[in-house]
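**Q** Here's the letter readout for the chains.
Number of protein chains: 2
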Amino acid sequence: MPEKRYLMTPGPTPAPPEVLAAIAQPVVHHRGPDFKQLYAECLERLRQVFRTESEVLLFGGSGTGTMESAVANLCSPGDRVLVVSAGYFGERWASIADAYGADVDHLRYVWGEIPSAEDAAARLAEREAVALFFTHSETSTGVVSDPQPFAQLAREAGALSVVDAISSLGAVPLETDAWGLDVVASGAQKALMTPPGIALASVSPAAWERSAIATSPRFYFDWERTRKGQATLDAPVTPPVSLVAGLNVALGMLLDEGLEAAFERHVRLGRACREGLKAMGLELFSPDDDSSAVVTAARAPEGVDSGELVLLLRDRHGVTLAPGQGELKGKIFRIGHIGYYDVFDITTALAAVELALIELGADVERGTAVTRALEAFERTPV
Amino acid sequence: MPEKRYLMTPGPTPAPPEVLAAIAQPVVHHRGPDFKQLYAECLERLRQVFRTESEVLLFGGSGTGTMESAVANLCSPGDRVLVVSAGYFGERWASIADAYGADVDHLRYVWGEIPSAEDAAARLAEREAVALFFTHSETSTGVVSDPQPFAQLAREAGALSVVDAISSLGAVPLETDAWGLDVVASGAQKALMTPPGIALASVSPAAWERSAIATSPRFYFDWERTRKGQATLDAPVTPPVSLVAGLNVALGMLLDEGLEAAFERHVRLGRACREGLKAMGLELFSPDDDSSAVVTAARAPEGVDSGELVLLLRDRHGVTLAPGQGELKGKIFRIGHIGYYDVFDITTALAAVELALIELGADVERGTAVTRALEAFERTPV
Numbered sequence: 080m081p082e083k084r085y086l087m088t089p090g091p092t093p094a095p096p097e098v099l100a101a102i103a104q105p106v107v108h109h110r111g112p113d114f115k116q117l118y119a120e121c122l123e124r125l126r127q128v129f130r131t132e133s134e135v136l137l138f139g140g141s142g143t144g145t146m147e148s149a150v151a152n153l154c155s156p157g158d159r160v161l162v163v164s165a166g167y168f169g170e171r172w173a174s175i176a177d178a179y180g181a182d183v184d185h186l187r188y189v190w191g192e193i194p195s196a197e198d199a200a201a202r203l204a205e206r207e208a209v210a211l212f213f214t215h216s217e218t219s220t221g222v223v224s225d226p227q228p229f230a231q232l233a234r235e236a237g238a239l240s241v242v243d244a245i246s247s248l249g250a251v252p253l254e255t256d257a258w259g260l261d262v263v264a265s266g267a268q269k270a271l272m273t274p275p276g277i278a279l280a281s282v283s284p285a286a287w288e289r290s291a292i293a294t295s296p297r298f299y300f301d302w303e304r305t306r307k308g309q310a311t312l313d314a315p316v317t318p319p320v321s322l323v324a325g326l327n328v329a330l331g332m333l334l335d336e337g338l339e340a341a342f343e344r345h346v347r348l349g350r351a352c353r354e355g356l357k358a359m360g361l362e363l364f365s366p367d368d369d370s371s372a373v374v375t376a377a378r379a380p381e382g383v384d385s386g387e388l389v390l391l392l393r394d395r396h397g398v399t400l401a402p403g404q405g406e407l408k409g410k411i412f413r414i415g416h417i418g419y420y421d422v423f424d425i426t427t428a429l430a431a432v433e434l435a436l437i438e439l440g441a442d443v444e445r446g447t448a449v450t451r452a453l454e455a456f457e458r459t460p461v
Numbered sequence: 080m081p082e083k084r085y086l087m088t089p090g091p092t093p094a095p096p097e098v099l100a101a102i103a104q105p106v107v108h109h110r111g112p113d114f115k116q117l118y119a120e121c122l123e124r125l126r127q128v129f130r131t132e133s134e135v136l137l138f139g140g141s142g143t144g145t146m147e148s149a150v151a152n153l154c155s156p157g158d159r160v161l162v163v164s165a166g167y168f169g170e171r172w173a174s175i176a177d178a179y180g181a182d183v184d185h186l187r188y189v190w191g192e193i194p195s196a197e198d199a200a201a202r203l204a205e206r207e208a209v210a211l212f213f214t215h216s217e218t219s220t221g222v223v224s225d226p227q228p229f230a231q232l233a234r235e236a237g238a239l240s241v242v243d244a245i246s247s248l249g250a251v252p253l254e255t256d257a258w259g260l261d262v263v264a265s266g267a268q269k270a271l272m273t274p275p276g277i278a279l280a281s282v283s284p285a286a287w288e289r290s291a292i293a294t295s296p297r298f299y300f301d302w303e304r305t306r307k308g309q310a311t312l313d314a315p316v317t318p319p320v321s322l323v324a325g326l327n328v329a330l331g332m333l334l335d336e337g338l339e340a341a342f343e344r345h346v347r348l349g350r351a352c353r354e355g356l357k358a359m360g361l362e363l364f365s366p367d368d369d370s371s372a373v374v375t376a377a378r379a380p381e382g383v384d385s386g387e388l389v390l391l392l393r394d395r396h397g398v399t400l401a402p403g404q405g406e407l408k409g410k411i412f413r414i415g416h417i418g419y420y421d422v423f424d425i426t427t428a429l430a431a432v433e434l435a436l437i438e439l440g441a442d443v444e445r446g447t448a449v450t451r452a453l454e455a456f457e458r459t460p461v
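Chains A and B are the protein sequences, given in the same order. Going left to right, the first sequence walks through residues 80 to 461 as my numbering numbers them. Going left to right, the second sequence walks through residues 80 to 461 as my numbering numbers them.
Calculated directly from the structure, the hints in this document are not laboratory data. Possibly wrong hints are sitting among the right ones.
Same chains, same names: a pair is fine if it fits in one copy or spans any two.
[Unchecked claim] Calculated cross-link-like contacts (lysine to aspartate or glutamate; reagent style EDC-like; alpha-carbon spacing at most 16 Å):
1. K410 - E336
2. K83 - D113
3. K410 - E197
4. K410 - E387
5. K115 - D394
6. K410 - D421
7. K357 - E444
8. K408 - E387
It should be emphasised that the depicted structure is a prediction, and the values quoted were computed from it without experimental measurement.
With the hints as extra help, turn the sequences into a complete structure.
**A** So, in structure tokens, the structure goes:
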């Protein structure tokens, strides 16, 4: 295996050196002033990134943990919920809600399709639900949906809107309060540029009301205990203090760049990635438009197994992309361009894909992808 | 506040520079060979430290998370359980079991008392239970109980034994298999010398059987999903890869020292701490014997609020000790000597306590504590 590594998956993503330096600082006590100061700053920056006046709850855990927190804090056994899915992570909502004994109505699309708000509204009109669970950026397919119509139709149907924004937050526009999203579940290991281990959830006043009557058992991921602790900067359990220090630095970098600038950068990275792949002669799997700003998925060319391509890239060239998951296994590969990325990461990914496909005997156009990507990245404004 | 910090609480504890350097390495993908190799090594080292042939489950989360995993995976609503508590963390077992709708029989001792196995056996004889939850090292009081009689009486009564070994694992002897402990719940942020964010649980064959029929909802902390993932080194959720890299280094250091040597070091650290405090004229709260090898608790002298002492030490001298919790607030202070500690950490703590008590006008014996501690540390064998 080569010495130098390039992490280009849709998560975890590379952390900036400044973030790694912050997490390597000596451990501090979570109830002392050193930590409390950065905890307060971090929670405030999270509100800015989520664009909410509500408290953003911070847990030690993965994205799945914060998704579970939403189910556990909003649902009682037997509660009817609607899950809209079109990929691996959308289906996780259904699995978690099932595990909690919810009565799950599952509006399931073929992976890669774009869920329709009209379909969801029709389902809710047929069968009321306490909550609508859906996905902002479906990491397994590269599809980024617009959460606004889903939030609106949920509100109109008297259901809470709960969105998985794990790979989208900080990469593409998300307006928690302005769009009326009741719960935004996210994590720090994607566009927030922090090593994995921090789970996040914003909770609207309506969601707080619901959580007060929801009877599913919960303790570690209990929202109220966490809110009470955060209110006095006295976390109910020992938080992952080193990762929080890293997240605080990463959020500072993101806010210094500016959220709008970061969103524009992600759009241009997606554009560069798509144009480069097409120049090679590959067929895109994720939509060929500027909504695809988080992860670009492409079909492996005829006769090439995408899993083999990913392994070759990783083991011979040190470049880690993501293979297809579930029903897309062997068919697609995915390039994440989330967080600490610039256009030269895209050109590296493209150069490596081109090289590896040639090695696998595929018939690809050589020598144009990198230049086309650079040109596409330069086209502004978005 | 002074520049230099001394973290001397019973958790989180200082991480060695080698561990901090490991967590600051570039983020790797959790399904790639770099991570899988260290994940396998880490899981194997955990089995050595837990002294078990069973799989040790690794979660992103805090110690409370792994305690909750035990309740959620073993109990169905209405199941009768016995909780034995004599402090803050013992009572947490009761809170979690309550939250899951268990029928909790709570054998509650005054904080600082040493729970009696005979009492627990009598309770189980009166009222059967599916599990006995108890505490190995009660961090809030400094009392370390012997888990063996509790494991035995539980087995004899047909109950599973579930022990909180969060602050004890790696500091004092713990024989998961030889003592027949069904579940050992622990974390990496104490004697395992890693920044907080990793929760651990070993599960015996009998506990696996029970978990297969327990109906409490769980997903993130579900044992079976986690075991399946670990079996193929394919974690069911994104693990905290950077912290796992740190833990792997820390476990290597601990096993290089040797578990028995580490246990002896902790006994001697406790002895040094106790002799130093007594030389100052202070009264110990934790037992004055070699069982007190994790955290030493002492009463503040007449007229001194222990909380004030802790704040002065922290804010003027940069030395962080722990105050009393709950009903011991204001009365005791606690010096953690867990993990990355040597005798000079003890002498630093003692010198600082002596200085601060003088500043607070207390009548303490000056100039003997450090020397007495050094002498006590030298007495071997344990």
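**Q** For each hint, tell me whether it holds in the structure or not.
**A** Verification of the supplied hints:
1. K410 - E336: Neither: 36 Å inside a chain and 49 Å across chains, both beyond 16 Å.
2. K83 - D113: Close across copies (12 Å), not inside one copy (36 Å); limit 16 Å.
3. K410 - E197: neither (30 Å within a copy, 63 Å between copies)
4. K410 - E387: within (10 Å within a copy, 64 Å between copies)
5. K115 - D394: So K115 and D394 pass the 16 Å test across copies only (14 Å; inside, 43 Å).
6. K410 - D421: neither (27 Å within a copy, 56 Å between copies)
7. K357 - E444: within (9 Å within a copy, 80 Å between copies)
8. K408 - E387: within (11 Å within a copy, 61 Å between copies)
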